[in-house]
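S.K.: Chain by chain, the residues:
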Amino acid sequence: MTSAAEQTRSEIVAMLPRLRRFARALTGSVPDADDIVQIAVERALMRIDQFQQGTRLDSWLFSITRNAWIDEARSRTRRGKVFAPAEAGEQVGFGGEAEVHAKLEADDVWTAMRKLPEEQREAVALVCVEGLAYREAADALGVPIGTLTSRLARGREALQVMLGGAT
Amino acid sequence: MSVDDEKLMAFVDGELAGAEHAEIEAALEHDVGLRAKVEAHRAMRSRLSGAFDSALSEPVPEQLLAAATKRGADVVNLAERRAFKWSAREFGAMAASVALGLVIGVGVMQAPPQPMLAPTSNGLVAGGALDRALNTQLASDQAGAVRIGVSFRDQEGDYCRTFDLTEGGASGLACRENSSWTIQLMSDSSAGGEIRQAGASPEVLNAVDAMIAGEALDAESERAARDAGWR
Numbered sequence: 276m277t278s279a280a281e282q283t284r285s286e287i288v289a290m291l292p293r294l295r296r297f298a299r300a301l302t303g304s305v306p307d308a309d310d311i312v313q314i315a316v317e318r319a320l321m322r323i324d325q326f327q328q329g330t331r332l333d334s335w336l337f338s339i340t341r342n343a344w345i346d347e348a349r350s351r352t353r354r355g356k357v358f359a360p361a362e363a364g365e366q367v368g369f370g371g372e373a374e375v376h377a378k379l380e381a382d383d384v385w386t387a388m389r390k391l392p393e394e395q396r397e398a399v400a401l402v403c404v405e406g407l408a409y410r411e412a413a414d415a416l417g418v419p420i421g422t423l424t425s426r427l428a429r430g431r432e433a434l435q436v437m438l439g440g441a442t
Numbered sequence: 018m019s020v021d022d023e024k025l026m027a028f029v030d031g032e033l034a035g036a037e038h039a040e041i042e043a044a045l046e047h048d049v050g051l052r053a054k055v056e057a058h059r060a061m062r063s064r065l066s067g068a069f070d071s072a073l074s075e076p077v078p079e080q081l082l083a084a085a086t087k088r089g090a091d092v093v094n095l096a097e098r099r100a101f102k103w104s105a106r107e108f109g110a111m112a113a114s115v116a117l118g119l120v121i122g123v124g125v126m127q128a129p130p131q132p133m134l135a136p137t138s139n140g141l142v143a144g145g146a147l148d149r150a151l152n153t154q155l156a157s158d159q160a161g162a163v164r165i166g167v168s169f170r171d172q173e174g175d176y177c178r179t180f181d182l183t184e185g186g187a188s189g190l191a192c193r194e195n196s197s198w199t200i201q202l203m204s205d206s207s208a209g210g211e212i213r214q215a216g217a218s219p220e221v222l223n224a225v226d227a228m229i230a231g232e233a234l235d236a237e238s239e240r241a242a243r244d245a246g247w248r
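Note that the protein sequences, when read in sequence, are chains A and B.
Under my numbering, think of the first position of the first sequence as 276, with each following residue one higher.
Under my numbering, think of the first position of the second sequence as 18, with each following residue one higher.
Be aware that a few hints might be false.
What the hints assert, rightly or not - Simulated coverage check for chain A against chain B, where a stretch passes if three residues somewhere in it have a Cβ under 8 angstroms from a Cβ of chain B: (1) 306 to 315; (2) 389 to 396; (3) 418 to 425.
Keep in mind the hints are simulated off the structure, nothing from the lab.
Cβ atoms here follow ideal geometry from the backbone N, Cα and C, with glycine treated the same way.
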C-alpha cells in the first residue's frame with residue numbers, strides 16, 4: 276500500500292464520526308447505521324487505490340456509504356427481514372433527566388426523516404445534516420445539480436409540514 | 018415550491034454569491050414575510066443537524082475502529098459474511114432456487130452472450146444486458162453488470178436514462194427511440210472509483226442538464242414508466 280493510501284486510511288478513521296451521523300440520518304437507526312458504516316469502510320479500504328488524491332474524501336465516502344445502504348436495504352427486502360424498528364429511546368447519547376427534552380425533539384426529527392422518500396432523505400442528509408455544497412452532494416449521489424435541489428426542496432417542504440415551525 | 022423559494026433555500030444554504038446574494042439581502046431588509054421564511058429554513062437546518070449531532074461526540078465503537086484499521090488481507094467483507102450466514106439458514110429455499118437456476122442456466126448457456134452495444138442504421142443502440150437493464154432495472158435495484166442512475170423525459174417527451182457499467186467504469190446516457198435504447202453519449206474513464214460508479218460522470222450529467230424537460234423521475238414515476246414499457 277502506498278503512503279498516499281496510508282494517508283487516506285487515517286483520514287477515513289477521522290471521518291468515522293461523520294459517517295455515523297450521515298448513516299443515522301439515512302437509516303433512522305443507530306445499529307443499522309453502524310452496520311452500514313462498517314460495510315462502507317470495508318469497501319472503501321478494498322478500493323482505496325481508486326481514490327484520487329486531491330478530490331474530496333468525504334464525498335467519496337458518503338457516496339460509498341449511501342450505496343452500501345441501498346444495497347443493504349435491497350437485500351433485506353429480498354430476504355423479508357424488516358429494518359430495526361426505531362424505538363423511542365433507541366438513539367444512544369442522551370444522558371440524564373435534563374436532556375429529556377432534547378431527546379424527544381430528536382425523536383421527532385428521526386421519525387420525520389424516516390418518512391421521507393429515499394431520494395429526498397439522502398439529499399437532506401448530505402446538505403442539511405452534513406453541510407455539503409450542492410455540487411458535492413450532487414456528485415456524491417450521481418445526479419445533476421437541478422435534480423438535487425428539487426429533491427432537497429421537496430424534502431424540506433415535507434419536513435416542515437411534519438415538524439411544524441416550533442421546536 | 019416556487020422558483021423564489023428555491024432561491025431562498027439556496028441563500029440559506031450559502032449557495033448564492035455576488036449579485037444574487039445581495040439581491041436577497043436587500044429584499045430581506047424590508048420584507049418581513051421573507052425574513053420569516055429564512056428564519057424557518059435556518060431553524061429547520063439547525064434542528065436537523067442537532068438531531069444527529071450526538072454521533073459526533075459519542076465514542077466510535079471498537080468494531081468500527083477495528084474495521085477501519087485492518088490491513089489488506091485482514092479485511093473481511095461484512096456483507097459477504099452475512100450473505101453466507103443467510104444462505105446457510107435458508108438452505109432449503111436456496112436449494113430449490115438453485116435447482117430452478119440450473120434448468121434456466123442450461124438454456125442460457127447455449128446462447129452466446131450478446132454485446133451490450135450494437136451499431137444500427139439509427140446509430141448505436143443498447144443490446145444484451147444493457148438493453149435488459151435499461152428496460153427493466155430501477156435505480157434502486159441491486160446493480161448487476163449495469164447500474165441505473167437518473168431517468169427523465171427529454172424535450173421531445175422520450176424517456177432517457179443514465180447508466181454505468183460495473184466493469185470498466187464507463188458511463189453513458191440512452192434514450193428510448195423507435196422501441197430501442199439509442200446511446201446518446203458514452204463516457205469512458207475507469208478512474209474515479211465510487212463516484213464514477215454512482216453514474217456521476219460530468220460529461221453525462223452535463224448532457225442530462227442540456228436535454229432534461231422538467232425534473233428527473235422520482236422512484237414512483239420511474240417504476241410507472243418502466244411498467245408502461247417506456248412509452
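S.K.: List, from low to high, the hint numbers that the structure doesn't satisfy.
M.R.: none
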